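Student: Turn these sequences into a full structure, and let the hints steer you where they fit.
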Amino acid sequence: MSTKPILSVPTEQLENTTFDATMEERILELLKRYPTTRATLIPVLWLCQERYGWLAPGVIRAVADRLGESPAYVEGVATFYTMFYTKPPAKFVLQACETLSCAVCGGKELLHHLESRLGIKPGEKTPDGVFQLVGVQCLGACGTAPVVQINDDYYENLTIERLDAVLDDLKGRS
Amino acid sequence: MPKLTIDGREVEVPPGTNLIEAARAAGVEVPYFCYHPYLSVVGQCRICMVEVVGQPRLAIACATPATDGMVVKSETSERTKEAREAVMEFLLANHPLDCPVCDQAGECLLQDHAATEQGGQFATHMVETRRTFPGYERRLIGPHVIQNQNRCIHCSRCIRFTREISETAALTYKSRGNSAYIDTFNGEPFTDPFSACAADVCPVGALTVRDFRFRKRAWKLRATPSVCPGCSIGCNLFLNHHERVVYRFTPRENPEINATWLCDHGRFLADSLNAQSYLHPHHRAAGQLSRVTWSEALRALGFDLKAAHTLRVVGSANLSNEELFLARELFVGHLKGEMVVPVWAGEHRRMKNGRGEWLRSTDAHPNSQGARRLGLRIVDPAGLSRFLYGAADLTIVLDPTAHPVLAEEEALQLLRVSPTVAFARTEHPIANVASWLLPTTSMACHDGTLTSSTGAVQRFSAAFEPPGDVRRTAHGGMSPTVPTLAQPYGPPAEARPLWFLLTVLARELGATTLDLPDVGSVFALMSGREKGFAGLDWDKLAGSGDDSFRERQHVG
Ligand code: SF4
Ligand code: FES
Ligand code: FES
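Same order as they appear, the protein sequences are chains B and L. Under this note's numbering, the first residue of the first sequence carries the number 83, and numbering increases by one thereafter. Under this note's numbering, the first residue of the second sequence carries the number 226, and numbering increases by one thereafter.
In short, the hints are calculated from the structure, not lab data. Keep in mind the model is a prediction, meaning the values are calculated, not measured. Take the hints with a grain of salt, since some may be wrong.
[Said to hold, decoys possible] Simulated crosslink set (BS3-like; lysine-lysine; CA at most 30 Å straight-line): (1) B:K114 / L:K399; (2) B:K207 / L:K399; (3) L:K399 / B:K169; (4) L:K531 / L:K561.
Tutor: Set out below in structure tokens:
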């Protein structure tokens with residue numbers, strides 16, 4: 083599997099975000115699919131996160147302007163969902179499942195291992211900005227527990243050794 | 226109309242009335258935190274739960290419309306009591322309980338409910354430490370609002386206010402669940418033109434008004450119904466005062482004009498009522514300004530007025546209807562002088578009424594409409610200049626703050642040409658040119674009415690006596706001018722309300738019909754003579770404010 087790293091555009095470059103033709107086209111596409119403009123907010127935020135890596139204040143303002151909402155409202159929505167990044171994320175966000183099935187299949191140990199190997203706690207980033215650790219609830223893949231989601235990809239039936247190999251690989255490619 | 230029974234009391238209410246309002250009509254107080262009569266109903270706090278007989282589950286009174294034949298139990302229901310106690314336990318689990326150092330104490334819905342309904346009795350099952358928001362305990366979020374997120378009960382009233390009323394949608398929840406907090410976009414300053422209303426609607430001390438914080442405990446304040454002096458819209462408010470100091474304005478409910486809101490501009494004029502730059506009457510002779518007594522001043526002024534062939538008067542749309550009426554009758558009717566009222570557009574202001582419609586200001590004065598109704602000549606800056614360029618033996622300026630033009634060098638030069646009588650309260654360059662300087666008082670010291678741009682004649686009441694002693698003496702002058710009050714209330718002064726000075730002048734000039742003992746009598750005379758005020762009754766215009774939302778939210 084080759085998980086793509088998240089490339090977060092620096093805050094300054096996003097200060098006066100405007101949407102280019104491609105983005106605009108995709109937003110128009112989305113607007114057609116939903117009954118109200120407000121309903122398009124979350125898909126548009128996804129689109130932006132995909133494009134810029136995270137939702138910087140400048141991006142939030144651009145989305146608000148585009149959809150006719152107040153920036154505060156959009157920021158409220160963005161901060162409600164943990165999967166929207168309102169701070170620049172690391173290249174690889176390790177989302178370790180903490181729920182029951184994973185927990186009994188070694189998920190706990192995986193998380194502890196990640197903590198000691200990376201020297202960070204859930205919610206933190208490594209100083210080099212490569213890894214970020216998050217504890218998450220059931221990822222809906224209990225059958226292949228324990229599971230760690232890295233960026234958009236699932237890594238299933240993990241053992242400490244396999245996880246180490248994955249991390250080495252990602253680290254090497256970063 | 227649905228007829229229902231609440232705690233054994235029968236009541237009939239208009240269709241669509243919710244159970245909180247229906248209960249109030251029946252004389253039963255249902256507690257609430259997130260409900261506000263002028264905001265959308267969200268049913269978030271759950272403290273308003275009542276038992277509707279025949280329904281298995283408790284209902285939230287704020288979101289339940291009254292229906293015919295409903296039997297509701299609030300105070301009389303054990304289940305309700307239990308449920309509310311549980312809600313309070315949750316709300317207080319994370320509340321800092323810092324009432325002694327919280328400026329909302331005394332006007333906090335949470336505190337009121339805790340102290341009254343539950344008699345201060347609480348059980349808690351909490352073993353965890355309270356969740357706190359470090360860095361958000363004393364945070365200035367805008368020019369007028371201070372946030373203490375630890376106290377927030379997540380009612381969303383402030384958010385709904387900015388979304389539904391001020392329409393800036395500047396406030397929002399960030400994050401979620403237990404860690405949700407109130408913030409602006411990217412932490413930018415909360416510069417909503419109605420920002421202090423967000424603190425007003427906050428039922429607890431999570432948002433407080435910076436300008437008032439820790440200046441006076443809420444329970445020390447007395448509330449006198451009044452009207453905002455800030456623009457022509459005429460929002461209703463209370464003067465909150467203690468020991469002759471006005472501490473703040475708070476909104477007074479009026480669905481036709483300001484619902485329960487005040488704009489920041491008007492609200493923060495409160496402190497301006499405390500200014501009293503001129504304390505004693507002064508006369509300028511041979512370039513020398515010297516202090517005189519009121520008797521000397523008014524007697525001499527009476528002579529001057531009689532001697533003047535041409536008299537001109539600069540009125541003011543900041544004065545009450547009664548003051549304008551007296552001035553017109555006396556100076557125009559009796560002395561055949563000329564009078565104008567300058568009107569200044571000022572900044573554009575707006576206000577949302579109880580039906581959600583924006584009202585817009587026509588000018589910066591609280592009573593331009595009253596001046597028009599009295600048939601006075603309204604002038605713009607150019608008209609005022611022309612008026613001042615005309616020759617006169619004597620000029621009277623009833624209020625130097627009537628128009629900014631009066632503070633300009635050109636106007637002052639023109640006023641220097643012949644004697645000028647200036648009635649003034651706050652520091653103004655006119656004091657350097659006036660031959661008579663007669664100190665007046667603020668609207669906090671006298672009664673009167675103002676006509677709003679919507680056409681409503683609205684009464685404001687005296688909150689306290691003017692500085693000094695203004696009782697009349699038997700022989701028609703004024704009592705000895707030595708104030709009897711102790712120093713803490715400010716320097717002894719002899720400032721007098723303008724209406725009062727005008728009635729005394731009327732006596733000096735023999736205009737006996739205008740020599741009236743109180744503002745109510747002036748109003749009666751005016752409503753008898755003026756079409757624009759016909760049929761209005763002084764006593765009925767008095768807003769007691771008892772039924773205002775602000776007040777009623779503190780009833781047990
Ligand atoms: S800050 Fe006040 S008004 Fe806003 S949600 Fe919290 S308690 Fe309610
Ligand atoms: S418990 Fe981990 S995926 Fe369901
Ligand atoms: S007042 Fe009814 S739920 Fe808050």
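Student: Can the restraint linking L:K531 and L:K561 be considered satisfied, given a maximum Cα separation of 30 Å?
Tutor: The hint holds at about 11 Å.
Student: Is the Cα-Cα distance between L:K399 and B:K169 30 Å or less?
Tutor: Satisfied, since the Cα-Cα distance of roughly 14 Å is no more than 30 Å.
Student: Please work out if B:K114 and L:K399 have their alpha carbons no farther apart than 30 Å.
Tutor: holds (29 Å)
Student: Given the hint that B:K207 pairs with L:K399, does the C-alpha gap stay at or below 30 Å?
Tutor: holds (22 Å)
In summary, this structure violates none of the numbered hints.
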